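Required output: the full structure, derived from the provided sequences and hints.
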Amino acid sequence: MQGMKKLGVGAVAWFLSLSAHADYTWNFPEPVTPMALDTLHVHNKFMLITAVIFVVVLAIMIYSIVTHRHSKGYKPVADNPPSTAVEIFWTLIPFAILLLIDFVIMGIPAYHSVVMMEDTRDQSTMVIKITGSQWRWQYEYLDGDAKGIKFVSNLATTNGQMHNEEDKGEHYLLEVDNPLVLPVGEKVRILMTASDVLHNWWVPQFGSSRVAVPGFIRETWVQVEKPGVYRGQCKELCGKGHGYMPVVVNAVSKEEFAQWANKKQDEQKAANDVKEMTKDELVAQGKVVYEKNCAVCHQVTGAGLPPAFPALTGSKIATGAIFGSDGKYQKDSHLDRVLNGKGVMPAWKATLNDTEIAAVITYERNALGNAAAVDAVLQPAQVKAARE
Amino acid sequence: MSTTSVAHHDEHQDHPTGIMRWLTTTNHKDIGTMYLTFSLIMFLVGGSMILGIRAELFKPGLQLMNPEFFNQLIGVHALIMIFAALMPAATGFANWMLPLQIGAPDMALPRLNNWGFWILPPSAILLTLPFTLALFGVGDGALATGWTFYPPLSVQGGIGVDFAIFAVHLLGISSVLGSINIIVTIYNMRAPGMTLMKMPMFAWGWLITAFLLIATIPVLAGAVTMLLTDRHFGTHFFDAAGGGDPIMFQHLFWFFGHPEVYILLLPVWGFIPQILQTFSRKPMYGYKAQVYSLWAIGALAVVVWAHHFFTAGMPVPALLYFMYSTMAISLPLAVLFYCWIRTMWKGSMSFETPMLFTVGWIILFGVGGLTGLVLADVAADAQYHNSYFVVAHFHYTLFAGGIMGIMAGVYYWLPKMTGHMYNEKLGKLHFWLTAISFNVTFIPQFFVGLAGMPRRIPDYALQFAEFNMISSIGAFALGLSQLLFVYIIISCVKGGKKASDRVWEGAQGLEWTLPSPPPYHSFTEQPVVK
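Quick mapping for you: the protein sequence lines, in order, are chains A and B.
According to numbering that gives the first Met the number 0, the first sequence holds residues 0 to 387 in order.
According to numbering that gives the first Met the number 0, the second sequence holds residues 0 to 529 in order.
Among the clues, some could well be false.
As the list claims (entries may be wrong) - Derived Cβ-Cβ restraints for the label pairs, each shown as a range: (1) B/L482 x A/P226: 49 to 57 Å; (2) B/L61 x A/Q267: 31 to 39 Å; (3) A/T119 x B/N65: 51 to 59 Å; (4) A/L57 x B/F475: 22 to 30 Å; (5) A/H162 x B/A240: 33 to 41 Å; (6) A/T277 x B/A240: 35 to 43 Å; (7) A/K341 x B/A476: 25 to 33 Å; (8) B/R110 x A/I216: 52 to 60 Å; (9) B/A240 x A/A375: 29 to 37 Å; (10) A/G227 x B/Q62: 29 to 37 Å; (11) B/V315 x A/K71: 54 to 62 Å.
Claimed, not checked - A short, non-exhaustive set of chain B residues, derived as facing chain A with CB atoms under 8 Å: (12) L61; (13) M322; (14) S324; (15) A327; (16) A333; (17) A378; (18) P453.
Unchecked claim - Derived lysine-lysine pairs resembling DSSO-like cross-links, with alpha carbons at most 30 Å apart: (19) A/K128 x A/K383; (20) B/K197 x A/K74; (21) A/K71 x B/K345; (22) B/K427 x A/K74; (23) A/K286 x A/K268; (24) B/K58 x A/K291; (25) B/K427 x A/K71; (26) A/K74 x B/K529; (27) B/K58 x A/K167; (28) A/K74 x B/K497; (29) A/K74 x B/K287.
Think of the hints as simulated: they come from the structure by calculation, not from any bench.
These figures come from a predicted structure and were not determined experimentally.
Note that the Cβ used here is the ideal one computed from N, Cα and C, for glycine as well.
Encoded structure:
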């Protein structure tokens, strides 16, 4: 009842505030790239043309419906069996009108848009690689100030909000832990791929949307003209987390971008330094890594969602030995599975660094109802060795 | 063939009764009735699934189901509506009305006809079984890939995908058998004097549909078979790791999937002009132009498939080709609209339920067509693609253009089929409830789509909340209104005012020369068309 009341109030508030967020309600959101601007123009023009066609046709129909009624005693005026010539003439008229609209008024600008959209090379000053995976985006800067920066961007909305246990934040479902940062005004070439299934990287305000195809590289570009935070979502059905794969882009000035890049590079260097850690440190960090990356399938409790996503609690892999008698890690061991994946389980070696992998494995073996007797603690150095 | 009118008339009413009549029947009207009943049941099943979806989407947050189950619902909803509701409805009309309209005693291949129907119930079971089992905790449910089966997601999926693949195989076989039968019937069984260019429009619509089905269903069957071998036998047709390409599946799928849209609509484009001329009390305008337009649409249907995945990556020339060829479909379609409206123009129109549905159909299908035209533009499509704008667009074409058209047909022919008039007041009420709640459901979806809400998501950002709520309310009203439809049909079958032979004042065509309902074997004396 309370809920219904809230909904009612919400609906009224919405009707009153229509003008307040008009551009985000009735049409494309405000464009911030040349591509989105072009798309908006094309869209508005097409919509106008089709609306005019619709209204004219509807008006003729309604006039006929009102006037030529049986109940008003209107006698049908049969078209005298039209001569073929007349028939051709009359059917060619709508044909000609449409021909003009489709291929001239709409067709020519459409041609220019296509060529512009597909031109990824001209004057681009920066290349980034975007990899879609279930269910997060990985970003990698391939050149420029930010060369070498690589991170994963996960949904930041909490489970409690999704299950209506907490109040929903302003950017419910459209917030991430690590947004992509882009410099304003630069044409950025985007290489797109995926690690498992198809995804589609889409920010409505950019007007660009490309399917990320595993095993292939697709290209597109963005040139953000206005600083700000832009939000979008994956829009290719990619499994159960499809609705939870937001794209957040933070567009900043070139100076801020350079600063950010420096800071990020230092952080990344520090994180890649392999150092000895205590079990408690590993478990604490592992919990964060687990909840961000693993809980989506294996659940926060480790119970999994069998049969698609196995439980970790009491699982053979999470409690069995990692290293064989020769000191090397074994095939199908916990470490092997996390590094290389299998089936639906993604390979994490490209996504997580040594410390993160060591931490998450230690966490899984000492929490989630597991208390491994062997190989209870995995050190980052061991992960590093395993990679080689 | 034309000489003997049969003397022992009554024996023809001899046929098995009870359940055996329906299991073994080769009578086109019985089979037509079974198709239509099956279609109505599956329409309700598919509809109740989507009500689950709309209930979940009523407000932001997850309330009723987990995302995996949500994905299963959307996929199965679409497969059921397309393959088990719309297509069998059209085939049902074909079975019932084609022989009556062209003056044939029955379909050309009656046993094939029986088989074609009885393949359907098992495939419907295949589609819904994994889903039902999962409700009781067995297995991991139906396919969760959407109706399009896109790999690699479908390669990853559980046994539900295999069930769906086999269901699609069976449904495809059924459609191809039905199509063969319709083509043979139309070419061989027409009454003397009925040349092709004198054939009823409905026969033309179905003839082209049948050719499209035969051309494209095998491609779909091939694609899903390749998917099956990818899943179980280590082939890599759609896996880059083995030299395959996931996008190749999309080409194969939509080579079927795009013509499928016209497969669903062409039969409707056939009988809509017949209804229009009946209630406008004047012959349809531009018969020839309409026939040629239908052929043009049928031909264009098979060369525009790639506009369904513009954003998947294509060379510029391919993008341009598919954009312009898609736009070209609006040309013959404009001719059709022109002919329909010109048929109404200066007619003497009355607005019984079939006519209401037809006029509503023209307007709403017009919205679907025009939004399709803008979707053809590659640049704008980057925004529309996989957003709710697309959902709204194809429901205007497939619900308004398909199902409401079928409903017009049901009201038009129901008195002929049952021998009773349906309740006109309730029929009109059904139309207004359907038309209004349909718009309440789908107009908001255009707006959330433009604002950036992707389709197939179980939960959404707060800015979309109000429109989704309106849409859900509309969907429930739309769903409940269909119970009225069921009630009207059942009470019409049970009884009501006797229908005359020529039920509608302006009705034209051979089917109206027979009694209502027509005798078990329709034409015992072959009609001659002058």
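Outcome of the hint check:
Between B/L482 and A/P226 the Cβ separation comes to about 54 Å, which falls inside the hinted range of 49 to 57 Å. Separation of B/L61 from A/Q267 is about 35 Å and conforms to the stated range, judged on CB atoms against 31 to 39 Å. Evaluation of the 51 to 59 Å hint for A/T119 and B/N65 yields a failure: the beta carbon distance comes to about 39 Å. Restraint check, A/L57 to B/F475: a C-beta distance of roughly 28 Å satisfies the suggested window 22 to 30 Å.
Checked against the given bound of 33 to 41 Å, the beta carbons of A/H162 and B/A240, roughly 37 Å apart, stay inside it. In this structure, A/T277 and B/A240 meet the distance hint of 35 to 43 Å, their C-beta atoms being roughly 40 Å apart. The hinted range of 25 to 33 Å is not satisfied by A/K341 and B/A476, whose Cβ atoms lie roughly 48 Å apart. A hinted range of 52 to 60 Å for the beta carbons of B/R110 and A/I216 is consistent with their spacing of about 54 Å.
Evaluation of the 29 to 37 Å hint for B/A240 and A/A375 yields a pass: the beta carbon distance comes to about 35 Å. For the hinted restraint 29 to 37 Å between A/G227 and B/Q62, the CB-CB distance of approximately 33 Å keeps it satisfied. For B/V315 paired with A/K71, a C-beta distance near 56 Å keeps the hint of 54 to 62 Å intact. Residue-level restraint check for B/L61 holds (minimum Cβ-Cβ distance to chain A is 5 Å; threshold 8 Å).
Interface restraint check for B/M322: the shortest CB-CB distance to chain A comes to about 6 Å, inside 8 Å, so the restraint holds. Proximity of B/S324 to chain A is violated relative to the hint, the smallest CB-CB distance being about 11 Å (cut-off 8 Å). The beta carbon of B/A327 is positioned within 8 Å of a beta carbon in chain A (closest approach about 7 Å), and the interface hint is therefore held. Look at B/A333: its Cβ gets to within about 4 Å of chain A, closer than 8 Å, so that hint holds up.
A least Cβ separation of about 3 Å between B/A378 and chain A falls short of the 8 Å threshold, and the interface hint therefore holds. The criterion of a C-beta within 8 Å of any C-beta in chain A is met by B/P453, whose closest approach is roughly 4 Å, and the hint holds. Between A/K128 and A/K383, the direct Cα distance comes to roughly 24 Å. Compliance with the 30 Å bound is thereby established for this hinted pair. In summary, the hint linking B/K197 to A/K74 is supported, as the alpha carbons are separated by about 26 Å, within the 30 Å threshold.
At roughly 12 Å between alpha-carbon atoms, A/K71 and B/K345 fall within 30 Å of each other, so this suggested pair holds. Distance restraint check for B/K427 and A/K74: the Cα-Cα separation of roughly 24 Å lies within the 30 Å cut-off, and the hinted pair is therefore satisfied. Between the alpha carbons of A/K286 and A/K268 the distance comes to roughly 22 Å, so the proposed pair stays at or under 30 Å and holds. For the hint pairing B/K58 with A/K291, the CA-to-CA distance comes to about 25 Å; that is within 30 Å, so the pair holds.
For the proposed pair B/K427 and A/K71, the alpha carbon gap of about 20 Å is at most 30 Å, so the pair holds. Straight-line distance between C-alpha atoms of A/K74 and B/K529 comes to about 26 Å, which keeps the hinted pair within the 30 Å bound. For the hint linking B/K58 to A/K167, the alpha-carbon distance of about 12 Å falls within 30 Å, and the restraint holds. This hinted pair checks out: A/K74 and B/K497 have alpha carbons roughly 28 Å apart, not beyond 30 Å.
A hinted pair counts as satisfied when its Cα atoms are at most 30 Å apart, and A/K74 with B/K287 qualifies at roughly 25 Å.
Checked against the numbered hints given earlier, this structure breaks hints 3, 7, 14; the rest are met.
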